[in-house]
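Asker: Line order of the protein sequences matches chains A, B and C. Per my numbering, the first sequence starts with residue 899, numbered consecutively. Per my numbering, the second sequence starts with residue 55, numbered consecutively. Per my numbering, the third sequence starts with residue 42, numbered consecutively.
Please note that the accuracy of each hint is not assured.
[Unchecked claim] Stretch by stretch, here's where chain A covers chain B in the computed footprint (C-beta under 8 Å, at least three residues):
id: 1; segment: 84-92
id: 2; segment: 178-191
id: 3; segment: 217-228
id: 4; segment: 284-291
id: 5; segment: 297-306
id: 6; segment: 309-320
To be clear, the hints were calculated from the coordinates, so they are not data collected in a lab. Owing to the predicted nature of the structure, the values given are computational and were not obtained by experimental measurement. Backbone N, C-alpha and C fix where the C-beta goes; we use that ideal spot for every residue, glycine too.
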Amino acid sequence: MVSPIIEIDGLSYTYPGAKKQSLSNVTLSIDKGAFVTLTGPSGCGKTTLCRCLNGLIPHFYGGKIKGDVVVSNLNVRDHAISELAQQVGFVFQNPENQLFALSVEREIVFGLENLALPPDEIRERLEWALKTIGIENLRERSPYEISGGQQQRVAIASVLAMKPEILILDEPTSSLDPLAAKNLFQVISKLNKTLGLTIILVEHRLDLLSTLTDRVIIMDGGILRIEGNPREVFSSKSVKLMGIGIPKIVRLYQELESQPEKLLFSIEDFVGYLKRI
Amino acid sequence: MIKVENVSFTYPSGVNALKNVSIEISNGEFVAIMGENGAGKTTLVKQFNGLLKPGEGDVYVDGRNTRDLSVAELSKDVGLVFQNADHQLFCETVEDEIAFGLRNFGFSNRVNKKRVKWALTLLNLQEYRKTSPFMLSGGERKRVALASVLAWKPRVTILDEPTVGQDQSQKERLLQFVRQLNTQGNTVILVTHDLEFVAECDPRVVLMSHGRIVADGPAKKILTNPKLIKKTSLILPQITQLFFRLADLGFPKDVISIYEAKELINDFVARRS
Amino acid sequence: MKAFEGLRFKRTSSFIHQLDPRVKFVLSCVVFILAIMFTELLPLTILLSVQLPLVYLAHVHKEWLSSLRSSLILATMIFLTNVIVGYMSSEFQLTSSVLTYSSSMTLRFVTLVASFSIFFLTTSPDDLGLALEQSHFPYEFAFAFTTAVRFVPVLANEAQMIIDAQKSRGLELEKGNFLKRIRNYLPILIPLIVNAIRRSLELAEAMESRAFGAKEHRTNLFALKIKMNDVLVLIVTLAILAFSIYIRLYVKIPIVEIPTF
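Chain A on its own, in the form it takes in the complex:
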């Protein structure tokens, strides 16, 4: 039995000054070690939900919050962001605005220094994070000298060094070219598989993700609409109506005249099916 690491119960949230709720009555539990993809149209509340998980909501944003969010047995409401940061790492959309130091090394130790860890441990974690993400060669570079893909890796490493159990990534590939995006997904998947890190990835590019993730959650209008394993979710009729970017392979399956009963979900599925008939 895998125990849930995130438990959200009846969560509603309104930003200060806003009239409309950004989240309404979200209930969700996420297992330790899961790779969750969170998606939905712009403005559906994905980012807001993520902010609730590391305490940016309510501690940084304020606003009206109802319901409970418990992460690694900590109720988010009762713990400071800095405390939660050791459980939940947050990687933001724009790499430029989350790197403040002038070298990669100093970027990675920033959080650890803030936690006032002993220097030896910081050094050890620095080396570990550089190695795990495979950016040892960037050590001395400054963030504005490296490519967007590399910047996002540095951002991941700097969060990873704080040894969180959960990693949240909010559209980390939106400004990357396709190959860089694909490679970044590989890095994330590796963290999930080898370290058992729980991943929550907000993304539009489902084409590249459908075979890596094991759970897809779709939000719309602040409400949790559909969730399940990617096969279930992409074969559901309502997904099509919501204008989610379902993988082209799945769309191709849906367009076929005589659909085989079982959803053809990956390239492998298609090849297998066409070879069989």
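Position chains B and C relative to chain A; hints supplied.
Answerer: This is chains B and C only, laid out in the frame that chain A set:
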């Protein structure tokens, strides 16, 4: 319409962004300029409206050398819509924002009014006429930015990374819109690395890498060439990946569109059963 | 944007780069004091030329020259102002002493630019931040400083993008009379400010998420330590200062005059 002859360009920082580039784009064409980040795509299109002037070589717009004209003169014909709408929005209302360009180009008040109304309708922004652009969502702001350029009816419209940060339904609407613009005779140039988007509009693809044009031809030919794709940090469209695997069943390899794929597979299934 | 280049740190490793920023700062201050102490051409020329070996040692001659070049306009203005004022106060005669005095003033300015340019070119802003911290400035202050330096190129880049976007919408910055020209900058300033605010919010969010301000006393992995070389340079610098004070007080400096034509 646009003619680039042996153009090289180096930024003051020393980055050699274009190396002996030549290309011609005719009136009414639909072109996607693709390539990895830093390949020189944006540098190239900035030559089209004179924001950058060639270091060596010449760029002609409608037969006029861009060296002899100001950005404003060129922009009247070549509208460039930047990736980030927040880099241009500054007015109190959407209406003013759209009128900004028109006023700069010296259109009469009467024409201004007409064009603003036309652009608002075109991009489905009527209800926001009096709203501040800063109050709108990201997708809506992008539409305002687009409307503010289309309002003066440039003959060439360049869209720099229009799909970045857009969700699927926004992309679909954009796709429709771009197609419509092109069928009305407008020359449309997309700068993008969103190959799934390009696979759906099937334009002429100009592939760039490290400041050079490495390929130029129909999307179907370029996007299905693994060598070129690899060279430019792209990946094969998903449909193409599938058809590469299906080659030994007698399928063609150069398929990018979902509709063509559907036909081919339907035929195959019908023949087999 | 180019004006910043002379101040932008160049990451290489050299004897000068490895010196403690505090020592380098003392060195620059000493040059500053000396430049104020002397008004004669000869010592100022010496002061400027002793910096050349440092520039050479640090391999920053290109950047150094470019920052001198960008100070040229200001230097010319200083020279002309002094000449004009001197010319008017010496009954409209261009005397040799006016020329000499104006040249010294200009040389003084160039010397200052030269020395601080060496300082900024060879000191990583990170180290500078550390130096601030270890000189008992509050951490927030040091952090604000390094972040500001980090974002100078980003903001410069953003400003350029905004200018490009507005020019593409037909904005002509150089058009119209003085007032109109100022108004022309509104479409650039507003997006720049709005984006800067948005950026700072995102930054704050990212900082919070990385436990900024979690503990009262944070660890500093990269503490600055005074090394042997630093001590040596410091001793030499102070010796030069003492020697110069002695010269100023007790030695008569030979006057080099610029002849009039």
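Asker: Hints first: check each against the structure and report whether it holds.
Answerer: Now for the hints, and whether the structure bears them out:
Only when three residues or more bring their CB closer than 8 Å to a CB of chain A does the claim for the segment 84-92 of chain B stand; here the count is 3, and the claim holds. Residues of the segment 178-191 of chain B with a Cβ under 8 Å from some Cβ of chain A number 1, which does not satisfy the need for three, so the listed coverage is violated. Check result for the segment 217-228 of chain B against chain A: holds, 9 residues qualifying (beta carbon to beta carbon below 8 Å, three or more required). With 4 residues carrying a beta carbon less than 8 Å from a beta carbon of chain A, the segment 284-291 of chain B meets the three-residue requirement, and the given coverage holds.
Note: the segment 297-306 of chain B has 3 residues with beta-carbon separation from chain A under 8 Å; the three-residue rule is met and the coverage holds. For the segment 309-320 of chain B, the proposed coverage by chain A is satisfied: 6 residues have a C-beta within less than 8 Å of a C-beta in that chain, meeting the threshold of three.
Hint compliance for this structure: hint 2 is the single one not met.
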